[in-house]
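Novice: Using the sequences plus the hints, can you model the full thing?
Protein chains: 2
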Amino acid sequence: MFYSFCKVGQYMTYFKFELIHRSKKSRARVGRIHTPHGIIDTPNFVAVGTNGTVKALNNTMLHDIGLQLMFCNTYHMMLQPGTDIVRQAGGLHSFIQRKLPIITDSGGFQVFSLAYGSVADELKSRGTKKQGGCVLKITEEGVLFRSYRDGSKVLLTPESSIKAQKDLGADIIIPFDELPPYHIARDALKKSLDRTHRWEKRSLEAHLKNPQEQAMYAVVHGGIDPDLRKESCAILTELPFDGFAVGGSMGKTKDEMHTLLSLTLPLLPEDKPNHLLGIGDLPSIERSVPLGIDTFDSSYPTRAARHGILLTKQGPLNITKSEYATNFNSIEKGCLCPACHHFSLAYIHHLFKARELTCMSLATVHNLYFMVQLMEKYRKQIQEDLI
Amino acid sequence: MFYSFCKVGQYMTYFKFELIHRSKKSRARVGRIHTPHGIIDTPNFVAVGTNGTVKALNNTMLHDIGLQLMFCNTYHMMLQPGTDIVRQAGGLHSFIQRKLPIITDSGGFQVFSLAYGSVADELKSRGTKKQGGCVLKITEEGVLFRSYRDGSKVLLTPESSIKAQKDLGADIIIPFDELPPYHIARDALKKSLDRTHRWEKRSLEAHLKNPQEQAMYAVVHGGIDPDLRKESCAILTELPFDGFAVGGSMGKTKDEMHTLLSLTLPLLPEDKPNHLLGIGDLPSIERSVPLGIDTFDSSYPTRAARHGILLTKQGPLNITKSEYATNFNSIEKGCLCPACHHFSLAYIHHLFKARELTCMSLATVHNLYFMVQLMEKYRKQIQEDLI
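Protein sequence lines, in the order shown, are assigned to chains B and U.
Taking my numbering, the leading residue of the first sequence gets -11, the next gets one more, and so forth.
Taking my numbering, the leading residue of the second sequence gets -11, the next gets one more, and so forth.
Honestly, the hints are just simulated from the structure, not real lab data.
Only a predicted model underlies this, so the values are computations on that prediction, with no experimental measurement involved.
You may find that some hints are simply not true.
Which copy? The list can't say, so a pair holds if one copy fits it or any two copies do.
As the list claims (entries may be wrong) - Straight-line alpha carbon distances no greater than 30 angstroms define the calculated DSBU-like cross-link-like pairs of lysine-lysine that follow:
no.	residue 1	residue 2
1	K154	K341
2	K309	K141
3	K368	K341
4	K87	K309
5	K151	K4
6	K341	K125
7	K4	K154
8	K189	K151
9	K87	K341
10	K301	K365
Specialist: What follows is the structure, given as structure tokens:
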């Protein structure tokens, strides 16, 4: 069992990573992340609850299906309701009534992706400035942007991001970083990376002044440049972070991502947990678990659910197809989720056709339970050295 | 205890109305309606689940809060998924997985309200033909209308409505009736009433050929004309219906409705349950319980919930108001609903502001639980002769 450092020589008791098994077949590993709000078995899937709820569910439902880690977005919580209010409520766990672990990001990703658009937007030339939010100025200090909610100017810096994340009080927090656009010259990428490292260091320093029983994961950047990725690992692993997230652009294809992760993961310390930011579609998880990724967050299963895509062991099915109108079986035989336990494909198909909100929660709870089960299966297979 | 007749001399064992207490102070009464899917304590509120679900909830949640009767709309179920499919699923209870009693209407109300608009639409001159559905022809046979879903022509007759309701298999069904517009000359109203009586009789005959453990409530019509209301009661109470619903236009104001109900209720048999169709706002319930109404259906509490109106003992509150942003109490102190048990006003306010679907289900489950509790309070007060 490895204990993470808070400061040199000072053992943390509230956060540790326990390595249970390392596969003989790959770099895949099974572990346990101990947090103030309980254990996260790894590898695991992290549900995205941007505004403090997974869309269409409530947090007691998440608890009941055993979803161990939930991702909330600091950017959104800053703008609504404001992190002050969450602090007054006693922190995010109390405000949203979640008893299990939470991770928050720095807000940087959202600010920059609103400015540049997502990588996918960029590749598809869908333009920028979604939702009307925009970056006004990037300086060494931080980023000045306009709130998409009320048009007010907001300055986000490493210190203000950490202040916000202290208000939120998640178990795992993320330093402030820059998300450079996918199409960027190497010089500009290098400059961005250097600044990100300075911002992450400032974030860590701000955090360590008041650890508040939170753990901080660094975010490895460097885009699709292998040398810069290596440099990022080298610099960040020198700092007393509690874990390491992999962020930034990872290329256009799953092959590119696989290559980058294969290069990056071995450069991260084995005794600390790692996280793959914003990627959690099924093929990516399948290819990344053998590389040693511990946790994945993604809105894929929940967003897919709201569009009628239900995950099953036989692959995703589109519940809106007419073939399900008279299928009175459950989504997946043997599935113990509340949707499968009570309702048929035909009924859920009907709810989608009738545009009833109820279908969203049934589909979402099924897909998340599927992810919980899938990750449990991966852990079992790793322990049996099958992965 | 009164037993309803199925045919003369043939006692029904699957449906009966049990009168528990008649108030000494008013015509209010406490009773129990026994159905194949359990008891409905009266007076009670009936939740509207148009498409086989209360919007934003699932049927296990309804069960858990003790909602004893749910109203599904035959018109909607005919067009989507089609009552054939529901029959194949084993009926509505099986299809939507509801273990407690269900009532369905005839489809007539929707067909005509799509043609004429609702009374409220009419009074506000909002015009007709909402959603693009329209009545093509009304004959003695029935109504030919165009489906708002696919533009196909559908003929709804007393016999086809009952056929559909046999497919659905609710505990309580409603004969096919005409909903005349509010602004109608007396002659036309009288003609409509006569036809409605013929249609209701045909519906009853169709039903009694195959009772299928269903009970049928007549629908008293006559609009705002006291003499026609009396005539309707006289004619319908001669027929072996199992209960009596009051339908049609009941005037522009609550006073008009009160006058009409005061006149109508004493003309209905005491040994059978009655129902007030489509009216269940709080002031109307408060004024109608003393008149002896047993059940009320209304989409008010659920629709209000989706607009952020939460019902409390101190009156409705608008959760979207900024005063709730930092109110960390539950919606109502002591309320045992899932929303109050877990979440604060501030969090639900936040979910509304962030436009999260989750707020809809929390608000809806609270409002319905409020109605369950309210009706229980009324029953208690009647038993103590306070109403």
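Novice: Honestly, which of those hints from before does the structure not fit?
Specialist: Checked against the structure, the only hint that fails is number 3, while the rest are satisfied.
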